[in-house]
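Protein sequences, first through last, are from chains A and B.
Residue 3 is where the first sequence starts when you use this note's numbering, and the numbers rise one by one after that.
Residue -15 is where the second sequence starts when you use this note's numbering, and the numbers rise one by one after that.
Do not rely on the hints blindly, as some may be mistaken.
Example chain B residues on the side facing chain A (calculated, C-beta under 7 Å, incomplete) [claimed, not checked]:
id : residue
1  : G82
2  : L93
3  : T101
4  : A193
5  : T197
6  : D235
7  : P236
8  : T245
9  : G250
10 : Y252
11 : L254
Note that these hints are calculated values from the structure, not bench results.
Note that the structure is predicted; figures quoted are calculated from it, not measured.
C-beta atoms are modelled at their ideal positions from N, C-alpha and C, and glycine is treated no differently.
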Amino acid sequence: MSPTWLAEFSANPIADISSILANSFMRNAALAATAVAVIGGMAGYFVIMRRLVFAGEALSHVAFTAAMGSLLLGFDPLMGVFVITVAVAAGVASVARTTPSYDVPLGITLAWVLGLGALLLTIYTSSSSGSANGAGGINALFGSVLGIDGRDALIAAAVAVAGIVLLMVIARPLLFASLDPVVAGVRGVPGRLVSVVFLMILAASVTEAVQVVGALLTLALLVMPAAIATRWAVRPSRAILLAIAVGLLITWSGLTLGYYLPYPVSFFITTLGFGLYVLTRAAEMLGRLKAARA
Amino acid sequence: MSWNLALDLQQMLQFHFMQNAFLATAVTALVAGPLGYFVVLRAQTFAAHALSHAGFTGAVAALLLGIPPLAGLLPVGVASALGMGMLEDRRTGRQSDGIAIAAVFTFGLGLGLLFLTLYPGQAEDAYSILFGGVLSISDGDLETISVAGLAALVGLVLIGRPLLFASLDPDVALARGVPTRLLSTVFLALLAFAVAEAIQVVGTLLIFALVVTPAATAQLVTARPARAIALSTALALLFAWVGIFIAFYADPYSVVGFYVTTLATGAYLLARATSGLGRRPNPFRAGNRSP
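So that you can see chain A by itself, here it is in the shape it has in the complex (with noise of 0.2 Å):
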C-alpha cells in the first residue's frame, strides 16, 4: 500500500466529504450505494420475517448468469440483469407449490444456474470480444461500485424508488401475511400475490446490490442490515428506519474506506456489516450474562 493513498485525508470531516462527492464517480456511487441501502433494509426486514434468506442467495446467482448472459448476448448490463432476475422470481414464485424458501430444490436450481454462469463466462471470455476483458466476470461477482456510470446509478436510484413505493403499497397485507399466514388467509389477504410481487421486488433489490457488491455479496446488504436491525428493535416500522440506517452506515464508511484505501469497497461494507452483527449478538449475550447474575 502506497502512502499517497491516505495523502487526501485530513482531519476535517467537512472538507473531506467534498473532496470525495467532487469526483463523479464517487457521486454516482454514494447514490446507487444509498438507493440500494433504502430498499435493501426494507427488503431485508421482509427476506428475515419471510425466511427467504437463500432464496435471495439463490436470485443474486440468477443476477451472474443473467449478467454473464447479457454480456454474451450484447444486452444493456443493467437493463438485462434486472429484467431476467425479476423474470424468473416472478416465474418461480408463481410455479412454486409452496414458499420458495424450502431448501433443497432451490439449492439444485442455483448450482444449475451457477453452472449455467460459468459455462456463459468461459464463452465470453474466449470469444474475441471477451478476451480483453476478462474482468467482467470478477465485477459481476465481486462488485464494482466505484465504477458505476452516472447513467446506471440514476435507473439504480429510479428502481429502488419504485421498489420502495410498490413495497410500501404492499407492506401491511405482506407483514401479515409473513407473521401469519393462515389467518392472514382466512382474513382474506391474497397470500400467493402478495409473496410473488415480493420476490419482484427482492429481485429488483438484488439486481441493485449486484451492481454495488456484486452477485457473491449480495446478502451483505439484503440480510446484514435488517438482521442487526431485528436485534435490537421490535416494531416492525422501527426495524426498518434502523436497518435502512445501518445499511447506510455501512455502504457510506465502505465507500469512504474504499476512496482512501486501495482495497475494494466490497471488502469494507461485508466487513463492517459482520462487526456491526458480530457485536450485536455480543452485546446481547453481555445483556443476559448480566441479567443472570442480578
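Given the structure of chain A, go ahead and fit chain B onto it with the hints provided.
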C-alpha cells in the same frame, strides 16, 4: 472423438492429466456422496453452499501465501463451520433461519475478495478457483485430496450413528443425551473437508452439484440410509466422470462444472417426475418434510 466408447476412453487416459482428473473426481465423489446424504437429510443445503463459498477465500489465501491449496482451504473451511455454529441463534428452532450462515459467508467472501486484490495474479486464477480446474490436477494435489478425503470419511464414520439419530429425530436424540449442537458443528467441519477437496474438481461455486444434487436424487429413490448413501455416491461419481468426459471433447468450452450440474439436475428432475408413481409415500423424502 470416434463415438467408440472404449477407444475414446483409451485415447483420453493416455493423458496423465486425464488420469488424475478421473482419480480426483472419484475420491471427491466417494466423500461427497455420504456427506451429501446428511446435508439433504438435515436440510443444511444453505450451510453447504456457504461453506463452498468460504472455500474460495481459503484457496485465494493459499495462492497469496504460496502454500498448497489444501493448507488454506481446511483452516478457513473449519473456521467458517465453527463461526456458523457459534452464531446460529438457538431461538429460531430446528430449521436454520440462514442469518448466521449469511453473516459468516459474506464476511468470508469479502475477505477472499481482499486477498484476490492483494494477489498479483491473473483473473484466470480466480476463475479456476470459482469454477474448477479438474483438468489441471497434479500428482501432489491428488495425494492431498486422497488424504483429506479419507480423513473426512473416517470422521463421518465416527459420528455417523449419533448424527443419523440426531438428524431423524432431533428432539428425542437431545432427550437421550446426544449433543446435537456439537454434532452439527462437527458435521459442518467435516463438510468443510469435503468442500476443500471438491473445490479442485468443480470449483467453489459448483460443489453443490456433487454434494447436494446426487444425494437429493438418491433420497427421492430410496428411504433406506445405506442404500441412499450408496446411490448418492454412485450418482456423484457418474455425473462427475461423464462431465469430465464431455468437457474433454467440448474444448474450448471445457466447463466441467456446467456439464456436471446439468447432468445432476437432469437426473434430479427425472427422479422427481417419476417418484410417487406406484410407490407408497416416503416419510424421509426431501419434499415431505415441512420446513
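The hints, checked one at a time:
1. G82: G82 (chain B) check passes; min Cβ-Cβ to chain A is 3 Å, inside 7 Å.
2. L93: This hint holds: L93 (chain B) lies near chain A, its Cβ roughly 5 Å from the closest one there, short of 7 Å.
3. T101: OK, holds: T101 (chain B) within 7 Å of chain A, min 5 Å.
4. A193: holds (5 Å)
5. T197: holds (5 Å)
6. D235: D235 (chain B) check fails; min Cβ-Cβ to chain A is 10 Å, beyond 7 Å.
7. P236: holds (5 Å)
8. T245: holds (3 Å)
9. G250: Check failed: Cβ of G250 (chain B) comes no nearer than 9 Å to chain A, outside 7 Å.
10. Y252: holds (6 Å)
11. L254: Cβ of L254 (chain B) sits 12 Å from chain A, so the hint is violated.
Hints 6, 9, 11 from the earlier list are contradicted by this structure; the remaining hints agree with it.
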